[in-house]
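One-letter residues, chain by chain:
Number of protein chains: 4
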Amino acid sequence: MANFKGHALPGTFFFLFGFWWSLKYPLQHSWKRRQHGTRQSLPLFFNRIDLIEGVAKIFFAFVGIMAEQFVPDGPHAHLYNGAWVKLMNWQHSTMYLFYGISGIADVLSMSSLPVPAGLDRLGLSLALFVEGFLFYFHIHSRPPLDQHIHSLLLVAIFAGAASTMLEGFVRHSDLLEVFRCTLAILQGTWFYQIGFVLYPLSGQEWNEEDHGNIMFITMCYCWHYAVALLIVGVNYSTVWWITNWYRGRQRTDLEFSLRKTSHLDSKSQKALLQESDEE
Amino acid sequence: MANFKGHALPGTFFFLFGFWWSLKYPLQHSWKRRQHGTRQSLPLFFNRIDLIEGVAKIFFAFVGIMAEQFVPDGPHAHLYNGAWVKLMNWQHSTMYLFYGISGIADVLSMSSLPVPAGLDRLGLSLALFVEGFLFYFHIHSRPPLDQHIHSLLLVAIFAGAASTMLEGFVRHSDLLEVFRCTLAILQGTWFYQIGFVLYPLSGQEWNEEDHGNIMFITMCYCWHYAVALLIVGVNYSTVWWITNWYRGRQRTDLEFSLRKTSHLDSKSQKALLQESDEE
Amino acid sequence: MANFKGHALPGTFFFLFGFWWSLKYPLQHSWKRRQHGTRQSLPLFFNRIDLIEGVAKIFFAFVGIMAEQFVPDGPHAHLYNGAWVKLMNWQHSTMYLFYGISGIADVLSMSSLPVPAGLDRLGLSLALFVEGFLFYFHIHSRPPLDQHIHSLLLVAIFAGAASTMLEGFVRHSDLLEVFRCTLAILQGTWFYQIGFVLYPLSGQEWNEEDHGNIMFITMCYCWHYAVALLIVGVNYSTVWWITNWYRGRQRTDLEFSLRKTSHLDSKSQKALLQESDEE
Amino acid sequence: MANFKGHALPGTFFFLFGFWWSLKYPLQHSWKRRQHGTRQSLPLFFNRIDLIEGVAKIFFAFVGIMAEQFVPDGPHAHLYNGAWVKLMNWQHSTMYLFYGISGIADVLSMSSLPVPAGLDRLGLSLALFVEGFLFYFHIHSRPPLDQHIHSLLLVAIFAGAASTMLEGFVRHSDLLEVFRCTLAILQGTWFYQIGFVLYPLSGQEWNEEDHGNIMFITMCYCWHYAVALLIVGVNYSTVWWITNWYRGRQRTDLEFSLRKTSHLDSKSQKALLQESDEE
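Protein chains in written order, with the working numbering: chain A, 19 to 297; chain B, 19 to 297; chain C, 19 to 297; chain D, 19 to 297.
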């Protein structure tokens, strides 16, 4: 898949996952923080949401493996016929396989089975590590710019693997969740950048030996990260603002209905408030 | 031992240890989780099991050292006679020595002596580190494929050393135990893979300079790890399923006998259940 | 900014921040330790102090970016006109941008918004990392002494990034705060040292190929750190001594006024003292 | 000090410190575990012991700096006279300086001043890091064996720096104390090994290019560590055995005297025993 589309596809996936996480986590936190105010539609949604995420990962990984194998110029599940057949496609299939395993780990963690806490994070960390590991041995003997732009991708991948591994031990750390969101978005947008640089749409090739280009790309990587931080910041703020506004309206409704009912249940209200404080 | 057997032997050991651990840990956890249901044969078994593991390690390490020293073409405990004698055998003896020390640390940790908590894990971590350390200076100036296939082994060894060291501080982490099991199995199967590649049974040598071979081997390493994850997953599930089924049968028996006996001791039953919940 | 001033400017900033922190932290700790003795002017000051620090960072970052862009020989916000325009200035602007982001993270952490705990430290850590990251690809293909003296700067930068990242998880560790202070001062004084070596005021150039010079510079780096330790030590001691003396005088006044008032409130006094002990 | 004595001297110091620590820590632990059995000579000893260690470090560091500066062929405090004067001696002085700073940190930690917890460990970690840092830039452009044997020293130094830094955060970890003891002894004996190899007493020079020698030295390093583990193990066991025997005798005396006195104070005895259990 050495073309623009081949980089845009994984880029889109990583971007979407990072974007989605940066909506999911503030929503979960906001829900946890004030879950006793109202008791409505969301909880069921939350119980299923991580499960759906896991199933989606398994599904996409399966589709990805099939696509890599059975595209017209793919290996069609042949590995060796005198020489290795289409190793690039096999490597990409392997990457997808580990994202599929990560999906299975997610589903297991959501199930009622006594799996070790943090198995989902270990799974994701391994998938990222395998991705970085295969890329690392993938980029030797290429022109300097190509090599540099892929090395920068490795920074995002391995930082993501390390931070996700850490999440397996420091459970439910808000900070690590934010960090993971930004790194996923960075990886997504950087895949696009690689596509734009190596297979320019305008047709005008970049000089892959020019030191100025390498310096610009390094700096550009930092700008991508700044944008990723901005996106995550905006998403967190938006979710916080919407849930606050929604809750404000709910509370007004609740107060209205409470005035109509008797004040006898005020004791249970207090107990609930205490519970939410203790958290 | 530069032949197929020389790689199959340590491979078998690592594989067996990884396999055994992936049965032992879920059994221990399952036992801990419901240890008040029945009071039968297992506990004595568990008290002795880690001790036996340690003694086995010491025994195998001793046998290994003796074998390396006194095989017909071994150094027979001679180190220097104008030139160094059979340094390869001495290096392997040194590796076995540290696995022996790890066994001693296991035994000490099981004893009633006030040894530091986590000494057994520190011992295993050091044994893995020494193995990796000696291999690292072992693989210079070899053909690219040979060097690459051994470097990949180092990834499993040092990851194991790091994760086991971590276990010395994060005591009884399920996640790290699973991780260690998979890395031990990976190391085991990879030793076999090295043997198959460098000393092919079919007699047809691999081209040790071909870049395609190196790319395939890198990917193959990931597949080994996927298989290791599968094996550990199957073992954990099987143990969980068997203990559940066994316990189900026991509980039926228990309920039957309880109906026959008086209900006076129901209070103590409840106390026991509470204890098991609190855990 | 490849001249003495261009190194003195960031050096001054890092030195001042390190110096300021080595006064702020002992003051905060001293206040926390004995905050119930008197209830006076300081708390308001403390509530605002981190906020002002954040705003100052944003302001200086903004000024820095503007200066880098609009100095007479700057890029004036042009990035590409056939070739890359003044990439050095763009790189410095990028570094300032991330210090600005760190300032925003500080302000958000001080606000009443539910931002993740430790966001301010993550922000600072990222700013340091980006600085080191850009420097790292900045120093290739220079004479040995120039390269070495900048690599030593990287040690301070990355150690700072790692220790600040750790502070995001180990909250309010005195030890890490002391460590960060010393590393900031080290970075500050080392920027000056780079300026003195590469653009000597005396006009007499250093021989950039001489091995003796490289050895001296390495050792000199350790001396800078010893001085940084000394400065932080003196600042901590001074603050401790002054707050103790101040508090001693306050206590005398308090005792004097207490003798005049009745002894009835002695019970509440004890309660307060107990509270301060429990901390 | 490029001779045998120049390596034996620091070797002796590191060995003695490692040996001493491997006696001190089990003694402290044994004391803590059963400190209520008898109330005699030891506590005063323990209060002073770390203080004396710190003062000794400062004293030896001062002597070391003086010796390096004012030996007949030393720099006599001259640094530059057209060329750098005796940089080797200055580097060694710098190393001693940081061990002196570590001694000051020890003394401060023992004082009643509110220094950050773990400052003594940070100080020692920095001293080890500076030692490793200076050695690292010290060993370039030497023959392979010389370079290799010093790199192995760096393994012990940096492992010691990392583990001591960790001790600053994981306070009073038995495991890290044991680890530090073994690494200090390893460093000590390895300094001797370097002396024996580079300045052989027999006068017969080692071939510094021979690969066999390098392989042997790597393995020999592991043997040194095995011996260090043995020494620490023996010391811990001996201290444990002696304190147990001593305490056994004390308890017999105590029981004898208790029988003579009335049994009225048995209640307070029990309270004490409970306290010691809770620890």
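No lab work stands behind these hints: they were computed from the structure.
Here a beta-carbon is modelled for each residue, glycine too, at the ideal position from N, C-alpha and C.
One thing to keep in mind: the hints can contain errors.
In silico lysine to any residue, SDA-like type, Cα no more than 20 Å apart, as pairs [claimed, not checked]: (1) Lys104(B) x Arg189(D); (2) Lys23(B) x Ile235(D); (3) Lys50(B) x Phe22(A); (4) Lys50(D) x Arg189(D); (5) Lys104(C) x Trp224(A); (6) Lys50(B) x Val215(B); (7) Lys42(B) x Pro132(A); (8) Lys104(B) x Lys104(D); (9) Lys104(A) x Ile235(B); (10) Lys50(C) x Ala26(C); (11) Lys42(C) x Asp228(D); (12) Lys104(C) x Gly82(A); (13) Lys104(C) x Pro132(A); (14) Lys104(C) x Ser130(A); (15) Lys50(B) x Trp224(A); (16) Lys50(A) x Ala135(C); (17) Lys50(A) x Val81(C); (18) Lys104(D) x Met233(C); (19) Lys42(B) x Pro134(A); (20) Lys104(B) x Ile235(D); (21) Lys50(B) x Tyr217(A); (22) Lys23(C) x Arg66(C); (23) Lys104(A) x Lys42(B); (24) Lys42(B) x Ala135(A); (25) Lys104(A) x Glu227(B); (26) Lys104(A) x Trp224(A); (27) Lys104(B) x Ala135(D); (28) Lys104(D) x Gly230(C).
One-sided excerpt, in silico: chain D residues whose CB lies under 7 Å from chain C [unchecked claim]: (29) His96; (30) Gly100; (31) Val103; (32) Ser130; (33) Pro134; (34) Leu140; (35) Phe155; (36) Ala180; (37) Met183; (38) Trp241.
A quick look at each hint next to the structure:
Of the pairs offered as hints, the one joining Lys104(B) and Arg189(D) is violated, with about 45 Å between alpha carbons and a cut-off of 20 Å exceeded. Between Lys23(B) and Ile235(D), the direct Cα distance comes to roughly 27 Å. Violation of the 20 Å bound is thereby established for this hinted pair. A distance of roughly 54 Å separates the Cα atoms of Lys50(B) and Phe22(A); the hinted pair therefore is violated under the 20 Å criterion. Between Lys50(D) and Arg189(D), the direct Cα distance comes to roughly 15 Å. Compliance with the 20 Å bound is thereby established for this hinted pair.
For the hint pairing Lys104(C) with Trp224(A), the CA-to-CA distance comes to about 19 Å; that is within 20 Å, so the pair holds. Distance hint between Lys50(B) and Val215(B) is unfulfilled; the C-alpha atoms sit about 44 Å from each other, more than 20 Å. For the suggested pair Lys42(B) and Pro132(A), the alpha carbons sit about 15 Å apart, so the restraint of at most 20 Å is met. A threshold of 20 Å between alpha carbons decides the hint, and for Lys104(B) with Lys104(D) the separation of about 43 Å lies outside it, so the pair is violated.
Note on Lys104(A) and Ile235(B): the hinted pairing holds, with a Cα-Cα distance of about 14 Å set against a maximum of 20 Å. Taking the CA atoms of Lys50(C) and Ala26(C), the gap is near 36 Å; set against the 20 Å cutoff, the hint is violated. Simply put, Lys42(C) and Asp228(D) have alpha-carbon atoms about 58 Å apart, too far for the 20 Å limit, and the pair is violated. Between the alpha carbons of Lys104(C) and Gly82(A) the distance comes to roughly 43 Å, so the proposed pair goes past 20 Å and is violated.
Under the criterion of a C-alpha separation no larger than 20 Å, the hint pairing Lys104(C) with Pro132(A) is inconsistent with the structure, at around 59 Å. Between Lys104(C) and Ser130(A), the direct Cα distance comes to roughly 59 Å. Violation of the 20 Å bound is thereby established for this hinted pair. A C-alpha spacing of about 62 Å is found between Lys50(B) and Trp224(A), which places the hinted pair above 20 Å, so the restraint is violated. Between Lys50(A) and Ala135(C), the direct Cα distance comes to roughly 16 Å. Compliance with the 20 Å bound is thereby established for this hinted pair.
Taken as a hint, the Lys50(A) and Val81(C) pair is broken in the structure, with Cα atoms around 41 Å apart against an allowance of 20 Å. Distance restraint check for Lys104(D) and Met233(C): the Cα-Cα separation of roughly 11 Å lies within the 20 Å cut-off, and the hinted pair is therefore satisfied. Pair hint Lys42(B) plus Pro134(A) holds up; C-alpha atoms about 15 Å apart against a cutoff of 20 Å. A distance of roughly 14 Å separates the Cα atoms of Lys104(B) and Ile235(D); the hinted pair therefore holds under the 20 Å criterion.
Our distance criterion of 20 Å between C-alpha atoms is broken by Lys50(B) and Tyr217(A), whose separation comes to about 58 Å. Between Lys23(C) and Arg66(C) the alpha-carbon distance is near 32 Å, which puts this suggested pair outside the 20 Å criterion. Distance restraint check for Lys104(A) and Lys42(B): the Cα-Cα separation of roughly 41 Å exceeds the 20 Å cut-off, and the hinted pair is therefore not satisfied. About 18 Å separates the Cα atoms of Lys42(B) and Ala135(A), which keeps this hinted pair within 20 Å; it holds.
Using a Cα cut-off of 20 Å, the hinted pair Lys104(A) and Glu227(B) holds, with the two alpha carbons roughly 19 Å apart. For the proposed pair Lys104(A) and Trp224(A), the alpha carbon gap of about 27 Å is over 20 Å, so the pair is violated. Proposed proximity of Lys104(B) and Ala135(D) is contradicted: the alpha carbons are some 51 Å apart, above 20 Å. Under the criterion of a C-alpha separation no larger than 20 Å, the hint pairing Lys104(D) with Gly230(C) is consistent with the structure, at around 10 Å.
Checking His96(D) against chain C: minimum C-beta separation of about 13 Å lies over 7 Å; hint violated. Hint status for Gly100(D) relative to chain C: violated, with the closest Cβ pair at about 11 Å, above 7 Å. About 10 Å separates the beta-carbon of Val103(D) from the nearest beta-carbon of chain C, more than 7 Å, and the hint is not met. Contact between Ser130(D) and chain C, as hinted, is not supported at the beta carbon level, the nearest pair being about 12 Å apart and thus beyond 7 Å.
Among the interface hints, the one on Pro134(D) holds; its C-beta lies about 3 Å from the nearest C-beta in chain C, closer than the 7 Å criterion. The closest approach between the C-beta of Leu140(D) and any C-beta of chain C is roughly 6 Å, which is under the 7 Å cut-off, so the hint is satisfied. The criterion of a C-beta within 7 Å of any C-beta in chain C is met by Phe155(D), whose closest approach is roughly 5 Å, and the hint holds. Annotation: interface hint on Ala180(D) violated; nearest CB of chain C at approximately 12 Å, more than 7 Å.
The beta carbon of Met183(D) comes no nearer than 9 Å to any beta carbon in chain C, farther than 7 Å, and the hint placing it at the interface is violated. Below 7 Å, beta-carbon pairs count as interface contacts, and Trp241(D) has none with chain C, the closest being about 32 Å; its hint is therefore violated.
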